[in-house]
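Modelling step: build the complete structure from the supplied sequences, incorporating the hints.
As a plain string of letters, each chain reads:
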Amino acid sequence: AQSVTQLDSQVPVFEEAPVELRCNYSSSVSVYLFWYVQYPNQGLQLLLKYLSGSTLVESINGFEAEFNKSQTSFHLRKPSVHISDTAEYFCAVTRGGGSTLGRLYFGRGTQLTVWP
Amino acid sequence: DSGVTQTPKHLITATGQRVTLRCSPRSGDLSVYWYQQSLDQGLQFLIQYYNGEERAKGNILERFSAQQFPDLHSELNLSSLELGDSALYFCASSGVGGGSPLHFGNGTRLTVT
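Residue numbers (my numbering), protein chains in the order written: chain A, 1 to 116; chain B, 117 to 229.
These are calculated hints, taken from the structure and not from any lab test. Ideal Cβ placement from N, Cα and C applies to all residues, glycine included. Keep in mind that the hints are not guaranteed to be accurate.
Facing chain B, from chain A, some residues (calculated, C-beta under 7 Å) [what the hints assert, rightly or not]:
hint: 1; residue: R22
hint: 2; residue: V29
hint: 3; residue: Y32
hint: 4; residue: Q42
hint: 5; residue: G43
hint: 6; residue: L44
hint: 7; residue: L46
hint: 8; residue: L48
hint: 9; residue: K49
hint: 10; residue: G102
hint: 11; residue: R103
hint: 12; residue: F106
What follows is the structure, encoded as structure tokens:
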């Protein structure tokens, strides 16, 4: 089975500062990795995903994540955050290699709070 | 809008009762997943269905059951409810290909009093 550890439960930052949300995973097989974002009273929305190829993946709203196989990490970064980025962020992993099993294993989440 | 519809949005019921949560997946998605989100347990995978068949089972209690119907909508039945069952229940759906992301509904917030 796979598991995910999000090292920080809360990350407070000021607006326009850079941020990194850390995620480490554990798996004995190849994996697909995802970051989801959850705004208050809403469901989870896909932010970005790594399936294969380039280890650096980007989202449309300025976030990026880098897959590091040797460190089993998939940290999420943004060079300059906005107040609207305040939300809970979840890292997730699923079995890779073309598996269609699909279920995601989630971390406990990181609450990002951006202050003006 | 993820395209996944969950009803009802809120549900308040008493201990010992039974409730049914409903989910309509995105058009074309064959897989449906149920997750429970609570403050102490985080996001817990309950069960997955693929084209009407149970595909994977997670931490689902025996008091809980689910099914996926021929039109691909799914229902999660929770019975003999306890206070600890109060949580947000999410349904998600996905396509067939490996690595297809899950698309989540907005959840049903269940409060057991």
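Evaluation of the provided hints:
no.	hint	verdict
1	R22	16 Å, violated
2	V29	12 Å, violated
3	Y32	4 Å, holds
4	Q42	6 Å, holds
5	G43	4 Å, holds
6	L44	4 Å, holds
7	L46	5 Å, holds
8	L48	10 Å, violated
9	K49	6 Å, holds
10	G102	5 Å, holds
11	R103	5 Å, holds
12	F106	4 Å, holds
Consistency note: the structure conflicts with the earlier hints numbered 1, 2 and 8.
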